[in-house]
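Undergrad: Sequence:
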Amino acid sequence: MFIELVKGVSLLLALCYLHGVNVRLWRTRPLMGQLFSGAIFGGICVIGMLTPLVLEPGIIFDARSVVLSMAGLFGGPLVAGVAAAMAAVARLSLGGGGAMVGLLVILWCSIAGLLYRRSRARGWLDVDPVSLACFGLLAHVAVLALFQLLPGDAARQFAHAVAQPYLLTFTVATVVLGLLLRDMDDRLSTERALAETAARLRESELRFRSVLLNIPSVAVQGYGADGATTYWNRAAERFYGYTAKEAMGRPLPELIAPSSSGNWMRADIDRMFATGEVVAAGEARLRRKDGSSVDVFSSHALVAVPGQPPEVFRFDVDISGRKAAEEEARHLAFYDALTQLPNRRLLVDRLQDALDTDARRGLITAVFFLNLDNFKTLNDTRGHGVGDLLLREVALRLRGCMRDQDTVARLSGDSFVVVAPGLSAVTSVAAAWTRAMGESILSRLREPYDLAGHEYHFSASIGVALLDCTSVSVDEALMQADMAMYRAKDAGRNTLRFFDPDMQQAVTRRAVLEAELRQGLRRGQFLLLYQPQVDSMGRVTGAEALVRWRHPEHGVVPPSEFIPMAEETGLILPLGHWIMETAMRQQARWRKDPILSRLDLSINVSPREFRQEDFVEKVLALLRDSGADPARIKLELTESLLLHSVDSAIEIMRELRAHGLGFSLDDFGTGYSSLNYLKRLPLSQIKIDQSFVSGVLRDPSDAAIARSIIALGDSLGLGVLAEGVETEAHCQFLLGHGCPAFQGYLFGRPMEQEAYEQLARADRAAG
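Residue 795 is where the sequence shown ends in this note's numbering, and the numbering goes up by one at each step.
There could be a bad hint or two in this list.
[To be verified] Here are the simulated DSSO-like cross-link-like pairs (lysine-lysine), alpha carbons at most 27 Å apart as the crow flies: (1) K317 to K351; (2) K404 to K517; (3) K317 to K273; (4) K620 to K646.
Think of the hints as simulated: they come from the structure by calculation, not from any bench.
Required output: the full structure, derived from the provided sequences and hints.
TA: Structure follows, in structure tokens:
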């Protein structure tokens with residue numbers, strides 16, 4: 029009986045071999061492999077049942093329990109199902125009393141193997157000797173239990189004669205077969221992984237070769253230690269113009285290195301193969317087949333394959349487009365796009381170089397600052413397109429006038445700068461050359477221009493600064509030439525002026541004054557003085573509010589020094605607002621005093637302030653907030669204010685008159701007086717300018733003008749006030765011709781509020 033059991037084990041070993049052959053055979057078709065594996069497992073079961081251990085007729089024992097459990101464990105449901113079906117058919121065909129028990133054994137062992145497979149997949153069990161022994165023992169203990177269902181004495185006879193060797197033999201067989209199948213399964217998995225890896229490597233190599241050959245933007249060249257080309261991809265064909273057939277075998281430096289770089293490239297090749305270290309990646313300028321240059325970024329890789337000579341692969345990326353873009357960006361950064369002249373940035377660099385060089389050599393540098401006359405008119409009437417044509421033509425003419433070493437630059441708009449370095453060390457000689465050159469430029473620019481089919485004539489104003497001192501900075505040099513150019517503008521345009529140090533002193537003083545003026549506004553350094561106004565009896569009827577600047581260092585600054593600057597810089601707006609607010613609040617305080625309540629107050633309004641869109645709203649808001657009496661306030665306007673949009677001025681004045689405010693026309697007769705607009709203006713008063721008043725006793729014309737203004741005021745129903753009355757003789761003359769009101773030093777200088785109020789109270793008490 030033991031011998032029969034050993035035969036069964038031999039069948040199991042044959043099973044391992046056949047299963048391995050089958051899996052390898054159907055590697056590419058796994059479903060067919062599973063069907064054939066199931067047939068092999070089932071076939072072994074059938075063979076075992078044909079040569080069984082026979083306990084009695086119809087009751088047999090064989091290794092099917094081991095085979096079917098391993099079919100479930102290693103083959104899965106399909107293999108186990110095929111094997112179990114074949115075993116079941118074979119057992120039924122043999123018949124006998126143990127057929128039903130045999131079918132139960134077949135079913136149980138197949139299910140047990142599948143349960144083991146599931147547990148293994150979930151990580152609960154592994155295929156190792158201990159696990160297999162436990163599984164085999166439990167599986168066959170269950171089989172022994174099923175054998176108790178055999179009819180008659182067969183179950184007792186089996187338990188007595190066969191049970192112990194059966195359990196021992198087939199448990200061991202389960203372990204051995206499981207280990208053999210696991211080993212075979214591991215080998216097959218390893219072979220399969222190796223095959224897949226090899227396939228991926230072959231695919232990767234093919235893909236890499238294809239990419240290397242067809243990559244469009246990287247030229248790849250391979251070469252050996254002698255420099256002979258061993259690889260040449262399609263991008264290299266496009267980059268350098270050589271086909272792969274033409275390039276292969278030829279020295280690489282001969283193909284792509286410029287004549288000046290051939291030795292350098294050969295030295296790099298020798299060094300790479302000698303040291304095994306590639307040269308650093310970087311930019312290079314190489315040569316095409318047609319001799320033209322191409323800018324590339326090159327990197328290298330040394331490839332050493334065992335058994336083969338080493339190779340170096342060169343990877344070149346065409347950066348010609350980037351280089352061109354960089355050059356264009358550099359050009360745009362340093363050159364004017366319209367005229368192609370150097371811009372301010374490049375001008376500053378070149379001017380600094382010229383100043384430094386000429387300072388070392390003791391020579392003079394001339395800086396011409398040129399501005400076109402009336403260029404804005406051309407732009408406004410003909411459009412910017414025609415203006416651009418003019419600027420281009422001016423640039424061409426300027427370049428044609430100057431030397432090669434001179435720099436002609438467009439500073440901005442219609443302003444150009446010419447730097448002429450290396451002039452004579454003698455100032456008079458340099459000045460003479462500069463004047464001649466400037467006159468030549470002016471003459472050339474006065475020639476007719478053909479712009480868009482029309483002829484135009486233009487001129488320019490030129491300022492020149494001669495620089496012979498290392499202490500002059502670039503900004504100072506340009507500022508000096510700029511100031512001289514404005515002096516040329518003031519001289520009537522179309523001329524040339526040299527920089528005078530007095531100009532800079534005036535400009536510096538002006539800049540300092542402007543800064544101090546802004547600071548004075550912030551720090552409250554301004555105050556109002558009040559100059560008395562009297563009637564024909566000499567009684568105080570009111571005052572004119574006059575602003576003064578109490579400078580912390582220079583004392584009281586007269587308005588003639590800071591009012592014009594305030595007008596130009598726009599500071600007159602906050603200053604005028606402060607004057608009007610302060611004056612109205614003062615009048616509001618007088619309004620509450622019975623003695624001072626009938627005093628009139630005149631407030632000067634600048635033209636710029638009057639033309640503000642919200643002027644009316646601001647004045648009315650100040651009236652409302654201060655509580656001043658509008659009937660006692662006169663706003664003094666100058667004739668120059670009325671030059672622009674008289675109708676608009678009249679509308680503003682009427683709107684304010686409707687709220688009770690009066691208007692006085694200051695300095696009447698000095699500007700552009702016109703009876704046509706004078707009769708339309710809603711004025712309350714006109715003032716005779718002090719320039720006429722001071723001359724009434726010695727100049728018949730001034731006397732006639734003064735008499736005419738008095739008569740005009742009387743005929744128009746306007747009050748008349750004479751300014752600048754300083755002597756009793758002047759006063760008597762004006763009184764004799766009917767002037768009803770006066771203001772001047774004869775009656776009082778501008779004074780602070782307390783002094784003025786004391787004067788007014790004393791006058792009221794005397795009256």
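Undergrad: Are the Cα atoms of K317 and K273 separated by 27 Å or less?
TA: holds, 14 Å
Undergrad: Under the criterion that the straight-line Cα-Cα distance not exceed 27 Å, is the pair K620, K646 satisfied?
TA: OK: K620 and K646 at ~23 Å, within 27 Å.
Undergrad: With a cut-off of 27 Å on the C-alpha distance, tell me whether K317 and K351 pass.
TA: holds, 21 Å
Undergrad: So if I understand the rule, the pair passes when the alpha-carbon distance is 27 Å or less; does K404 with K517 pass?
TA: Roughly 15 Å separates the two Cα atoms, so the pair holds.
Against the hints set out earlier in the document, no violation occurs for any number.
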